[in-house]
Amino acid sequence: FMSSAKNISNVFKNAKYLETADLSTWTISDMEDASSIFEGSILKEINLSNSTFENTQNTSNMFKNSAATTISLGKAAFSNVQNANGMFENAKASTINLPEATFSNTTDFSNMFKGTQNATNINLPKINFATATNLSGMFKDSAATQLVLNNTNLGGNNITDMSYMFQNSKVKNIDLGSMQTGPLTSIVGMFKNTNNLETITLPSVFNTSNITDMSSLFENNSKLSAINNLANLDTTNVTNMSRMFAGDYYLPMQNIISNLRANKVENTSYMFYGTNASTSAVFPTSFNTENLTDMSYMFLNFYTSNLDISNFKLGNVTSMEGTFSATAKNNTIGSITWPSGQINMPHLTTMRALFKFNASLNKIVLPILKTPALTDTSYMFYGIGKIDKIDNINSLDTANVTTMEGMFAYNDSGLMKGENVKFEFNTGKVKNMSQMFKNSYINYLDLSSFDTRSLVTAASMFDYTWLKVIDLTNWDTRNLEDVTSMFYDSTWLVTIYASESFVTTKVTASNNIFYNVTNDYGTGTIGNNITYARIGAPGAPGAFTKKS
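Using our numbering, you'd call the opening residue of the sequence shown number 441 and step up by one each time.
Take these hints with a grain of salt, some might be off.
Unchecked claim - Straight-line C-alpha distance at most 30 Å; calculated DSSO-like pairs for lysine-lysine:
{"#": "1", "residue 1": "704", "residue 2": "769"}
{"#": "2", "residue 1": "871", "residue 2": "826"}
{"#": "3", "residue 1": "946", "residue 2": "829"}
{"#": "4", "residue 1": "704", "residue 2": "871"}
{"#": "5", "residue 1": "803", "residue 2": "704"}
Claimed, not checked - Listed next, with one range per pair, are the computed distances between beta-carbon atoms:
{"#": "6", "residue 1": "730", "residue 2": "662", "range": "32 to 38 Å"}
{"#": "7", "residue 1": "951", "residue 2": "860", "range": "56 to 62 Å"}
{"#": "8", "residue 1": "676", "residue 2": "718", "range": "27 to 33 Å"}
{"#": "9", "residue 1": "779", "residue 2": "668", "range": "30 to 36 Å"}
{"#": "10", "residue 1": "829", "residue 2": "956", "range": "39 to 45 Å"}
{"#": "11", "residue 1": "775", "residue 2": "909", "range": "30 to 36 Å"}
Think of the hints as simulated: they come from the structure by calculation, not from any bench. Ideal Cβ placement from N, Cα and C applies to all residues, glycine included.
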């Protein structure tokens, strides 16, 4: 009777006590609705080797959550199926072999093989996407390492959605070279977290002209070494490229970058996080950044001898947080080629951690930046290790900066060591200078031009430095509240210059301000408390000295 049955949907659905059934004699051909037939069943084997399903229109959830380790569909064509959504989702089959299946009239392939954790091979040599519109999540979370698709003509002129199609899958190679897509609307996360993937061949016609979001498209493919047909990827209207190539360490970024195109991109945050260019990475003029706003951590842990962004237009950028940084002290970007001349960045608000932990940048060449909206330079040069020189450092536009916390901290192998370093920033609005030079190897530091009338916290500002001389002349500390560990363990200190305007009238936290620096600064030995934050005089020893 099964050969002429029209609808047996759900017949074995969630059958929790039926482990065996002889289905080998079934010759299903006329059934129109096969949805959820075996969904959630505990049958050990499903043998439909004599069924063609030639008139079946709906196979959605057909084997979803099925416990069968063997599913035999040797003659099944599924040529008239329209909906295959979730057909094998979370099925336990060890191999999925559909040698005759075309699915040539199927529109919905979404989640079809999603979560097939036991299958090592998915064989679809005749599959055709002629009428397909939705391929989202089709192989998502599948453990199959081998995927065979039609290599002659995959079709695809009507496909609109390929989002998350291969996300978290274990497949080694993906060949979509015989596919020609229609105007796509979503490919977000299409190849994300495919950690076993070595090679991708993109469709010969990959119509992405309407795509605005390519975030995480190739993210976290730690073995990926080649993307074929990448030139077919149209990024003209893309606004979001966040994490697009993040984590793809073995992908030769010097080749990827040199061919990148953009026109409307706004977000490139983490775009090249953890990637590598064996030679200079040079962005072409075709990568137009005039609409770019978010560059945060764009090149985090990016390895290259030289990064050339000289063609970038930065007029609309709001964030450069961590743009050239690393997650731990490491050799990453050797040098940076900026756009020539003064760079006007009227909307930039943060350069927090801009070069943090980038141990390759021993000599930093800053461009002349006009940044009137900048408020945050905290941790900007933090943990680089050894900085021999910072060109144009005093041209930094800091008129509206409120925090410089940890800005030069943890450069323990040398911060312009041996030089008489003088910083002349506009600090009129800075409230936080805590840890600014903490654990940095610097000998002579002149901060006498700093306007500190807004300063609230200087906690650990000079904590564990190699400073011999600090010049704080002209500091007006009328609003200073926290000096906890300000000079903590800076045992090399010989002289701290200050003026009478260095007052502690509002200080409420001062624990360990002079810990281990309780020396005689010419007027007697000082103690480890706020009392000695003063210019020394006979009978009233102090840590500070007034310049003559």
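Handout entry: residue 951 paired with residue 860, Cβ distance criterion 56 to 62 Å
Key = violated (31 Å)
Handout entry: Pairwise hint evaluation, residue 704 against residue 803, where the allowed Cα distance is 30 Å at most
Key = It is violated: about 33 Å lies between the C-alpha atoms, which goes past 30 Å.
Handout entry: Pairwise hint evaluation, residue 769 against residue 704, where the allowed Cα distance is 30 Å at most
Key = violated (34 Å)
Problem - CB-CB spacing for residue 662 and residue 730 relative to the 32 to 38 Å hint - result: holds (33 Å)
Exercise for the section: Using the Cβ atoms, figure out if residue 676 sits within 27 to 33 Å of residue 718. Expected result: holds (29 Å)
Exercise for the section: Compare the distance between the alpha carbons of residue 704 and residue 871 with 30 Å, and conclude whether the hinted pair is satisfied. Expected result: The hint is violated at about 37 Å.
Exercise for the section: Evaluate the given range 30 to 36 Å for the C-beta pair formed by residue 775 and residue 909. Expected result: Holds - the Cβ-Cβ distance for residue 775 and residue 909, about 32 Å, lies within 30 to 36 Å.
Handout entry: Hint consistency between residue 946 and residue 829 [alpha-carbon to alpha-carbon, up to 30 Å]
Key = violated (36 Å)
Practice task
With a cut-off of 30 Å on the C-alpha distance, tell me whether residue 871 and residue 826 pass.
Solution key: holds (27 Å)
Problem - residue 829 versus residue 956 beta-carbon gap, inside 39 to 45 Å or not - result: violated (31 Å)
Problem - Outcome for the supplied range 30 to 36 Å, where the beta carbon pair is residue 779 and residue 668 - result: holds (33 Å)
Hint compliance for this structure: hints 1, 3, 4, 5, 7, 10 are not met, and every other hint is.
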